Amino acid sequence: MTALAHWDHQGLARPVRRTTLRMQAPHDDEALASAFASKERWAFEEAYRRFGALLYSTAYHVLGNAEDAQDAVHDALARVWRSPDSYERSRGAVRSFLAVCVRNEAITRLRSKQRRARLHERVAAEPQEHDELRIVDVVEHDRLRAAMQRLPEEQRKPLELAYFAQKTHVEIAQQLDIPLGTIKSRIALGLRKLSGALGGTR
Amino acid sequence: MSAHIGDDAALYALGALEPQEMTAVEAHAASCVACRRLLANAENDVATMLATQEQLEPPAALAERVFATLDPSEQPQRRATRPMWYTVLAAAVAIAVLPTAYVYRQNVAMHQAMLADADAMARVAANPHRSVAFAGRDARVMYAPDGSWYVVVIRGVHAPLHVMWPHDGEQTMLGTAVPHGDVALLYLPKSHRMDQLALVEGGRVVGQAQLVF
Ligand SMILES: [Zn+2]
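In order, the protein sequences belong to chains A and B.
Residue numbers for the first sequence follow my numbering, beginning at 663 and rising by one.
Residue numbers for the second sequence follow my numbering, beginning at 111 and rising by one.
Looking at chain A on its own, in the form it has when it is part of the complex (with noise of 0.2 Å):
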């Protein structure tokens, strides 16, 4: 919304008491999320105006091109315009929405990718050693990678497998040998530790 004046009580015909002074922050996140959910399209306009640059970045550093990125942004957003049911008030922030969205959708596109030039290259890579490099490579974010070494290891190694290396639960489990239940609680417990670390809001 507007930027709010100072406000210069001086000269009202009724003085200003200054407890009842309360500046209204905006609201703008919940009017988008009103409109995107009865898919008013000036908010998703407004939504891929706010959130483009995040929804762009997450897809790139994923799939690491500027092509595929620019993909998956789109057909995710068009997913998400084309369904009736895709988004309600209920699903949260519109932003952290969209981003898994594009995230999911990079993702997809990555599998398919590795199984196609798997089957075309027969390249019978061993994983883990690309996978390391990429993580330590990845990791320069400072905040996340102090946030991360605050897990403990059992939480923190599945948690960078999933979100660095995109591995899901099944082929986290094998690298690591651990029961597929015992992944998953380890991922959820770990997601929220970090979150709350890095000051995320719930």
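Keep in mind that the hints were calculated from the coordinates and are not lab data.
Only a predicted model underlies this, so the values are computations on that prediction, with no experimental measurement involved.
Yeah, the Cβ is synthetic: ideal placement off N, Cα and C, and Gly gets one too.
Covered by chain B, per the in silico footprint, the following chain A stretches (three or more residues, Cβ under 8 Å):
1) 711 to 720
2) 733 to 744
3) 842 to 854
Given chain A's structure and the hints, the job is docking chain B with the ligand onto it.
Just chain B with the ligand now, kept in the frame of chain A:
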């Protein structure tokens, strides 16, 4: 109904589910509000992580592609019928909003403010509301019958106006309506009914409205 999603919410948000599990989570969440909230929390957590990554500017061509998808023929829901005054007001607001595309880089803050104005008008158009004129000024307030939101529109204005809520012998400042063109607009989400609003300019009350609930 299928089983609640539990820890799968986190795995869904991280993209760590197998394809068929992903589909199952989406199907369940579509009919279970508790699990939608679980997903919302997990997605919020993942978005917090994603926000720490290096942010890249998307190519301009992507915006065009995305907006082209929003073809009117594909719009899934009718818009609410608009009252006559809206058409007039929307035109006024549109004139204020239109040129912003060209000055986007130079004036992001103003652009955001104008978009917010457009948001507010769309909200009014899409919801049942009441409308009351201000005495003393060419201005109206549109508001939800339950007092959950208010939109104040002032015309013929060239300087910011403050909107106040006089109650119990006090004045609560609600916000400032900043003009774009010569229309100023302020959207106020609220949880209570305000039966009186005042416009204040240069420290003086220049307009008053009595609201009925
Ligand atoms: Zn459920």
